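Visitor: Since chain A is already given, all that's left is putting chain B with the ligands on it; use the hints.
Line by line, the protein sequences give chains A and B.
Numbering of the first sequence is given in UniProt numbering, commencing with residue 1 and proceeding in unit increments.
Numbering of the second sequence is given in UniProt numbering, commencing with residue 1 and proceeding in unit increments.
Note that these hints are calculated values from the structure, not bench results.
Any given hint could be a false lead.
Any copy, or any two copies together, can satisfy a pair, since identical chains are not distinguished.
[Stated by the list, open to error] For lysine-lysine, the following DSS-like pairs were computed, each having C-alpha atoms within a straight-line distance of at most 25 Å:
1. Lys64 x Lys96
2. Lys41 x Lys238
3. Lys9 x Lys238
4. Lys323 x Lys97
5. Lys322 x Lys89
6. Lys41 x Lys322
7. Lys238 x Lys10
8. Lys300 x Lys266
9. Lys177 x Lys218
10. Lys266 x Lys62
11. Lys41 x Lys62
12. Lys62 x Lys177
13. Lys356 x Lys97
Quantities reported herein were computed from a predicted structural model and do not represent experimental measurements.
There are 2 protein chains.
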Amino acid sequence: MSIFNVELKKVVDDTYDIEIGYNLSDTLVSDLENGLAGKIKKFAVITDTNVRDPYALPICEKIKHAGYSVDLFVFPAGEKSKSRETKAKIEDAMLKKGYRRDCCIIAVGGGVVTDLSGFIAGTYGRGVPFINYATTLLAAADASVGGKTAIDTPLATNTIGLFNQPQKVYIDIAAWKTLPQRQMASGMAETIKHACLGSEDMFEFIEENLDDIYSFKKFACEYIAENNCRIKYNVVMKDEREAGLRETLNLGHTVGRAIETVSDYKLLHGEALSIGMAAQALMSARLGYMSEEQAERVIKLYERAGLPTRIPDYIDREELVKKLYTDKKVRDGKLRFVLQKGIGATVEFAPGVYAKPIEESLAREIIMEL
Amino acid sequence: MSIFNVELKKVVDDTYDIEIGYNLSDTLVSDLENGLAGKIKKFAVITDTNVRDPYALPICEKIKHAGYSVDLFVFPAGEKSKSRETKAKIEDAMLKKGYRRDCCIIAVGGGVVTDLSGFIAGTYGRGVPFINYATTLLAAADASVGGKTAIDTPLATNTIGLFNQPQKVYIDIAAWKTLPQRQMASGMAETIKHACLGSEDMFEFIEENLDDIYSFKKFACEYIAENNCRIKYNVVMKDEREAGLRETLNLGHTVGRAIETVSDYKLLHGEALSIGMAAQALMSARLGYMSEEQAERVIKLYERAGLPTRIPDYIDREELVKKLYTDKKVRDGKLRFVLQKGIGATVEFAPGVYAKPIEESLAREIIMEL
Ligand SMILES: NC(=O)c1ccc[n+]([C@@H]2O[C@H](COP(=O)([O-])OP(=O)(O)OC[C@H]3O[C@@H](n4cnc5c(N)ncnc54)[C@H](O)[C@@H]3O)[C@@H](O)[C@H]2O)c1
Ligand SMILES: NC(=O)c1ccc[n+]([C@@H]2O[C@H](COP(=O)([O-])OP(=O)(O)OC[C@H]3O[C@@H](n4cnc5c(N)ncnc54)[C@H](O)[C@@H]3O)[C@@H](O)[C@H]2O)c1
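One chain only, chain A, in its complex shape (with noise of 0.2 Å):
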C-alpha cells in the first residue's frame, strides 16, 4: 500500500471589468483588438430570438468587420431555453461549424442567455473564456457579478451550472428603452431588493426617482446600474473571507424561486421575487426583525413599480409550500430563510450565519395571507 500526494496549490486571478454606458458594441470590439481575449480569433456569439435583430446582428457584424471569424447561435427566448436541451442544441451546433478551445464565447441578451452562455463556456472542451453583453435591467443588477451560471431542469430553477467568472461585462443601458414594460419591472424586483439589503440611501433614491428610472433618464438609470454592482460585488466580495454572507442576496428568493417554478414560469423571475419580497418582509416583521411600517414600505415600493406582491389566485398554496423544500438553503430538511433588518441590511443570526431555520407552519401561514 502506497499514497501518493497530489499537491495542488495556486493562485486563480479572475480579475474582471464590468463597463456601465451606452451602445457599447464598438468598445467590446475595441476591446477584443486590444487583448480582451488575447490571441482568440473565433467567436461565438449566442443570444436569443428577441435579441437577436436589435443587439445580437450588429455586435456580429462589428467583430467580423474588424476580421475576426464569427457565428451567430441563436435560441428561442424565454426562460423554457434555459434547459439541458438548449445547451446541448449550442454545443452541437459549435463542434459542427469546427468550434475548439480556441475560441471565445460572447453572450448578447439578459439573464438567461448569459446563464446558459456561461454555462456552455465553462464545459464546452472543459472550459472557454466568455464574455457578458447584458441588455436587459435584470441581467445588468444580478447576473453581471458573482460568476454564478446555471440551466434548469424540470425539477427546480438553475439547479445544474458552475461558477464561471466572464472576461468582462458591458451593461448597456441603452438596450433597456427597448425592453418591454414587464421586463424592465422585472428588473427593478433584484435592484430594490439590492436596496433592501444593502443600502437604506439606495431604497430612498428608488422611492423618490421611480419615474425617472422608467423615463430612462440617465442619472437615475447610471444610479442604480452602479449601486447594483456595488452592492452586489461587496457582498460577493466579503464572502470569499466570511462564508455565508452570499447568501444574503436569496433574500425573498426562498419564496421567490417557489413561486416562479409553481406558476410554470408564467411569472417572470422578479415578479416572483417581488411576491417572496413581500414574503420575507412579513415573515420579517412577525419575528420583530423590522417595523410593520417598514414591511409596508417595501411592499409599497414593489407595487409601485409595477410588480404583483400577492401570490396569484391559479397557484396551489399547498404545492407551494411543498416546493419551498427545493430550495437551495435547506439542511437536513429544514427550511431556512434570510430575513431583512429593517431597510438595508440583512440579519446576521449569528457570526456569519444569514439563514435562519424556519418552521414550515411560520413559512405556510404566510402563504396563505398573501
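Guide: Then chain B with the ligands, alone, in the frame of chain A:
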C-alpha cells in the same frame, strides 16, 4: 459611463491523496469518519451495472453501517453511457431523492464512472465534492491524476466537461482480478504509453514483467500503479508552470481517439490507443525522432500485451483521416501530433511546444499502411 473592477484573486488548494492498495473500502469509510468529506453525511454512490454487485454495493453497506445516509445510482456499463443523457438521468434521480449541495459523490468503477461522476459533481448545484474509487487499471493509470472529467457527444469523445479535482482517489488493485482480460489489456495500453513518454526504465520493467502483471503479482502491479501516477503527476504538475507539457499525455491519442469514434466504440479506448501508439511510433521513426528498431520495440510490446496494432478492416480509412480533424490539438485547421523521442521521452519542437503540425498527406500515408 463607468467601469467597475471586480477583483477576484484567490489561492485554490486542490491537494489530494491517491491511495494505492488492496480492498480499500474499509479505508474509505474510516477516511469519511475522519473528515475526508467534512461534515457531509449524505453520499451518492455512482457506479455501473458490472461494478454494482462486486464493489459498489459492499461500499454502500459499509457507509450505511457507519451511520451515513447513502443511495446507489447505477447506469448501464459501457462507454455509450458516458453521455449527456446518463448525466441528466442521474442528476434527476439525485434531485428526486432530495440531494442538495450538502452531499458528496463517490464514483466506484472504471474511467467511464469516474469521468461521468466527476462531471456530475462539478455541476450539481454548481459543485459538490467527489471521491474516486477506481476499479480498473485504465482508471488507475490515467483517470486518477489530472482532474479531467467529461462526457462524449455523438460528434466526438470527451467534448463537454470540466477540470475538477476529487477529495481523494482509491486505486484498488484487488479489483483488477475480476476485470475481463480485454479490459486489463486496455489499461496496459495507457500504462505502456506512460513508459513510452516518460520512463525507459518503466518500459524495460514492463518488457520483463508483463506475465507477472497479467498474473497479478503484487510487486509488478504495485510498480505499474505507482509509476503510472508518478509519470502522469510529473507531467500535470510541471504543466502548471510550463503550459503545453500536458499535451505529451496525448501521445498516440490523435489517431487513437479518432479510431475509437469511427469504430463506434467497438474498440475499447486502450485498444484504439494501442493502434494510435503504433501510428505515432511509425511517424516518429519516419521523421527521424526514433530508430526503426525502437518503433518496432514499442509495437511489439503492445502486441505482447494482447493489443491490436493495426487498423481493423471494417474501419473506413478515409473517414478516419477526416475524423482526425475533430482532435482537440487541431489549430487553425491543421493536424498536430505528439511524437516519441526514442523510448521514455517526447519531442519538444520549440520551448514548451510538444505538438507538431503534420501534413495530412503524412498522416494519411501512415493510416493507409497500418
Ligand atoms: N447568474 C446570476 O447570478 C443570476 C441572477 C439573477 C437572475 N439570473 C437569471 O436570469 C434570468 C432572468 O433574466 P432576464 O429577465 O434578463 O431574462 P431573459 O434573458 O429571458 O430576458 C427577458 C426577456 O427580454 C428579452 N430581451 C432581452 N433584452 C432585451 C432588450 N434589450 N430589448 C427587448 N427585449 C429584450 C428577452 O428576449 C426575453 O424575452 C433567469 O433565468 C434567472 O435565473 C441569474
Ligand atoms: N479523466 C481522464 O483523464 C481519463 C484518462 C483516460 C481515460 N479516460 C476515460 O476512461 C474511460 C475508459 O476507462 P475504463 O476502461 O476504466 O472504462 P469503464 O469504466 O467502462 O470500465 C471498463 C469495463 O470494465 C467493467 N469493470 C470496471 N471495473 C471492473 C472490475 N473491477 N471487474 C470487472 N469489471 C469491471 C466496467 O463495467 C466496464 O464494462 C474512457 O471513457 C476514457 O475516455 C479518462
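Visitor: Decide, hint by hint, whether the structure agrees.
Guide: Verification of the hints:
For the identical chains of this complex, lysine 64 and lysine 96 are intra-copy neighbours only, at 20 Å inside a copy versus 46 Å across copies, given an alpha-carbon limit of 25 Å. Proximity of lysine 41 and lysine 238 under a CA criterion of 25 Å is satisfied in neither setting, with 36 Å inside one chain copy and 28 Å between copies. Proximity of lysine 9 to lysine 238 under the C-alpha cut-off of 25 Å is found in both arrangements, the shortest distances being 22 Å within a copy and 13 Å between copies. In the homo-oligomer, the alpha carbons of lysine 323 and lysine 97 lie at most 25 Å apart only across protomers (14 Å), although the nearest pairing inside one protomer, at 41 Å, exceeds that limit.
Proximity of lysine 322 and lysine 89 under a CA criterion of 25 Å is satisfied inter-copy only: 23 Å between copies versus 33 Å inside one chain copy. Only between protomers do lysine 41 and lysine 322 lie at most 25 Å apart by alpha-carbon distance; the minimum there is 23 Å, versus 49 Å within a single protomer. Proximity of lysine 238 to lysine 10 under the C-alpha cut-off of 25 Å is found in both arrangements, the shortest distances being 21 Å within a copy and 13 Å between copies. In the homo-oligomer, the alpha carbons of lysine 300 and lysine 266 lie at most 25 Å apart inside one protomer (23 Å), although the nearest pairing across protomers, at 66 Å, exceeds that limit.
In this assembly of identical chains, the alpha carbons of lysine 177 and lysine 218 lie at most 25 Å apart only when taken from the same copy (12 Å versus 72 Å across copies). For a Cα distance limit of 25 Å, the shortest separation of lysine 266 from lysine 62 qualifies neither inside one copy, at 36 Å, nor across copies, at 46 Å. Taking the closest pair of Cα atoms, lysine 41 and lysine 62 come within 25 Å of each other only inside a single copy of the chain (13 Å); across copies the shortest separation is 53 Å, beyond that limit. When the C-alpha separation of lysine 62 and lysine 177 is checked against a cutoff of 25 Å, the pair qualifies only within one copy, where the shortest distance is 22 Å, while the shortest distance between copies is 61 Å.
For a Cα distance limit of 25 Å, the shortest separation of lysine 356 from lysine 97 across copies, 24 Å, qualifies, whereas the shortest one inside one copy, 49 Å, does not.
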